[in-house]
Amino acid sequence: MDFHLKKRARNEIKVEVVSLETKYPHNVMIYNYPPIDDIQIEEFEDLALERLRLLRIFDHAGAKGLRLLSDDWKEYVNAELSREGLRNYLRLCTTSGANATGAKHEADIQTRRRDYLSHFILRLAYCRSEDLTRWFIGREMEYFKYKFSALSGPEIKQFLEANNFHFQPLTESQKDEIKDGLYESTAGQSVTKIELLDFYKVPFTQVLDLVRGRRCYLNAGYAYVNTHDLVSIVGTKQQDEIEQGLQAAKLLIDDVEADERIARMLKALHTSYTGKDYTVSREIAVPIESLDQLSKTSMPLCMRVCHEHIRTQHHIKHGGRMQYGLFLKGIGVTLEDSIRFWRDEFSKKMDVDKFTRSYEYNIHHNYGKKGSMVNYSPYSCLKIIKEMAAPGDCHGCPYKALDQTTLKSKLTSYSLSPSACEEIMYFVSRGHYQFACGKYFMLTHNSQTEVAINHPNTYFEESQNLMGNRQKRNPSSQASQAKSKIHQNLIKGHADRSMLMGQDDDELWRIAESQERAYQSQKGISEAFDDDLDLTEIVD
RNA sequence: GGCGGC
DNA sequence: GCCGCCAACATA
Ligand code: SF4
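Quick note: the first sequence, position 80, residue 80 per full-length UniProt numbering, numbers continuous.
Warning: the hint list may mix true and false statements.
Unchecked claim - In silico lysine-lysine, DSS-like type, Cα no more than 27 Å apart, as pairs:
#1 K369 to K317
#2 K145 to K23
#3 K74 to K250
#4 K317 to K267
#5 K64 to K175
#6 K317 to K408
#7 K64 to K317
#8 K354 to K369
#9 K349 to K64
#10 K370 to K64
#11 K201 to K145
#12 K250 to K157
#13 K369 to K383
#14 K23 to K175
#15 K348 to K383
#16 K74 to K193
#17 K179 to K193
#18 K383 to K317
#19 K250 to K370
#20 K175 to K193
#21 K157 to K145
#22 K237 to K201
#23 K250 to K179
#24 K354 to K64
#25 K383 to K354
#26 K64 to K386
#27 K23 to K157
Hints listed in this document are in silico derivations from the structure and should not be mistaken for laboratory results. Note that the coordinates shown come from a computational prediction; the quantities given were computed from them, not determined experimentally.
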């Protein structure tokens, strides 16, 4: 795997198609020879992301429970491929027989090249941990099988020759000679199907699994397998190749990462989720000690309710754990803090290792540290509102889930004036929950400007901005210093002079007011949360 | 909470 | 009973 990376732009960008055709002779290729192309760093990165988008599609298809290569599966995958702008790969997967024998379109050859290179690039990113390689191999094999399954008879033949598989399809007369054997011993195919299928004569040692399962006809040391079984033979070859490649890549990784840019890219790759990514908050880590504060000043009602529920009940049902847990991640609570937070609360009602056993994995998973390593974004309002309130415990969006009288009393208990309540209830009664939420925001921040809420984390950030924790695009060293200072003051519940430097007047007002309110509301917190705990049976 | 494995 | 794995998706 030696890529020669050239930062210098090349004059002859366009490589000759003729040579490419011979280099990448087939839509489906065994990834056995590491490419020795010169490649620019931009393309390197581009290819990496492209491959990632490709493999994620197979990932999602599997996750939806669609059976590999079933019609539903294909329909989904094809749709996603074109939606993701990967139509060229779609062609590799579906273009077969009919037009394959004639002249190839140049674009297809280029795609083969991208296919080949991008695979090897991703090896570098996915060789570094068990979890990653397992995922990578799984998706690659699904992709491979899809491509292979689309091949026509002649193409399969061509593929086998190109890759030194010495199998040939039986001629009609050969097939005729052993047709009784085939009918009798070929698993999973009807007689009429067998008439149509191509069969291959292979040394039985290559298909021991089929032989052992008595799934194919066996004669004189040769097994006779149909096209479908061929996928598994060829596939294991491909898989071996990839597995070995990953091992090899692991050894070469330091070499490749000598370039700082490459190193950073490769390490970040599996986290750099394609499309928009709001999964990692840009903020300075939010300490869990400040959550009580924040729940009162900056969290939307749905999250505030969750938080208080957890603090008083020391437990919350699954839906709430997802909703609030992801939200916390979104506002900048670190994984470690998050675990600490849940553990501290939950362990008041259950022993600690019971907690560890049943909840810790999920928290890791939500942070993208387990399994497929997907870093999930926090729930949006739509999602939360759609979720119907579970009878037992958590609530989705309080404006929707709570009935009007309990909602109103909840609001007044949060010290909102009766008239303020009415303003909110107006929207609630019309089913405009997000407007109600926006109204709540205005009232609690005494802001004049209308705000449309469609994501709890937006609500939070909006609130933080208004309170003086404004984030800078480029966190210069002094800006972030100022911010962390504000941060600490927020924890203590009041502002000091230095944090107000450089703000204009009405911002000062707003800050002063909201800080004051935060301070006031904090005073009640300790006794409010200090309840006598009742040990009711925990049911998730 | 669902699915899956022993 | 133990365990692993999943879900999501706003924003300027
Ligand atoms: S509107 Fe959105 S943010 Fe506001 S409470 Fe409902 S779900 Fe939470």
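Hint by hint, here is what the structure shows:
1. Simply put, K369 and K317 have alpha-carbon atoms about 22 Å apart, close enough for the 27 Å limit, and the pair holds.
2. Restraint check: the Cα-Cα separation between K145 and K23 comes to about 21 Å, which is no more than 27 Å; the hinted pair holds.
3. Our distance criterion of 27 Å between C-alpha atoms is broken by K74 and K250, whose separation comes to about 33 Å.
4. Under the criterion of a C-alpha separation no larger than 27 Å, the hint pairing K317 with K267 is inconsistent with the structure, at around 35 Å.
5. Using a Cα cut-off of 27 Å, the hinted pair K64 and K175 is violated, with the two alpha carbons roughly 40 Å apart.
6. Simply put, K317 and K408 have alpha-carbon atoms about 24 Å apart, close enough for the 27 Å limit, and the pair holds.
7. For the proposed pair K64 and K317, the alpha carbon gap of about 24 Å is at most 27 Å, so the pair holds.
8. Of the pairs offered as hints, the one joining K354 and K369 holds, with about 21 Å between alpha carbons and a cut-off of 27 Å not exceeded.
9. Pair hint K349 plus K64 does not hold up; C-alpha atoms about 35 Å apart against a cutoff of 27 Å.
10. Note on K370 and K64: the hinted pairing holds, with a Cα-Cα distance of about 18 Å set against a maximum of 27 Å.
11. Of the pairs offered as hints, the one joining K201 and K145 holds, with about 21 Å between alpha carbons and a cut-off of 27 Å not exceeded.
12. The hinted pair formed by K250 and K157 fails the criterion: a straight-line CA distance of about 34 Å is larger than 27 Å.
13. The suggested pairing of K369 with K383 holds, with an alpha-carbon distance near 23 Å, which does not exceed 27 Å.
14. The straight-line distance between the Cα atoms of K23 and K175 is roughly 34 Å, outside the 27 Å bound, and the hint therefore fails.
15. Only pairs whose Cα atoms come within 27 Å are accepted, and K348 paired with K383 is rejected, the gap being roughly 30 Å.
16. Between the alpha carbons of K74 and K193 the distance comes to roughly 22 Å, so the proposed pair stays at or under 27 Å and holds.
17. At roughly 12 Å between alpha-carbon atoms, K179 and K193 fall within 27 Å of each other, so this suggested pair holds.
18. Using a Cα cut-off of 27 Å, the hinted pair K383 and K317 holds, with the two alpha carbons roughly 17 Å apart.
19. Under the criterion of a C-alpha separation no larger than 27 Å, the hint pairing K250 with K370 is consistent with the structure, at around 21 Å.
20. Between the alpha carbons of K175 and K193 the distance comes to roughly 13 Å, so the proposed pair stays at or under 27 Å and holds.
21. Taking the CA atoms of K157 and K145, the gap is near 16 Å; set against the 27 Å cutoff, the hint holds.
22. Distance hint between K237 and K201 is fulfilled; the C-alpha atoms sit about 17 Å from each other, no more than 27 Å.
23. Between K250 and K179, the direct Cα distance comes to roughly 48 Å. Violation of the 27 Å bound is thereby established for this hinted pair.
24. Taking the CA atoms of K354 and K64, the gap is near 30 Å; set against the 27 Å cutoff, the hint is violated.
25. Taking the CA atoms of K383 and K354, the gap is about 30 Å. The hint is violated against a cut of 27 Å.
26. Restraint check: the Cα-Cα separation between K64 and K386 comes to about 20 Å, which is no more than 27 Å; the hinted pair holds.
27. The suggested pairing of K23 with K157 holds, with an alpha-carbon distance near 18 Å, which does not exceed 27 Å.
In the structure shown, a violation is registered for the earlier hints numbered 3, 4, 5, 9, 12, 14, 15, 23, 24 and 25, in ascending order.
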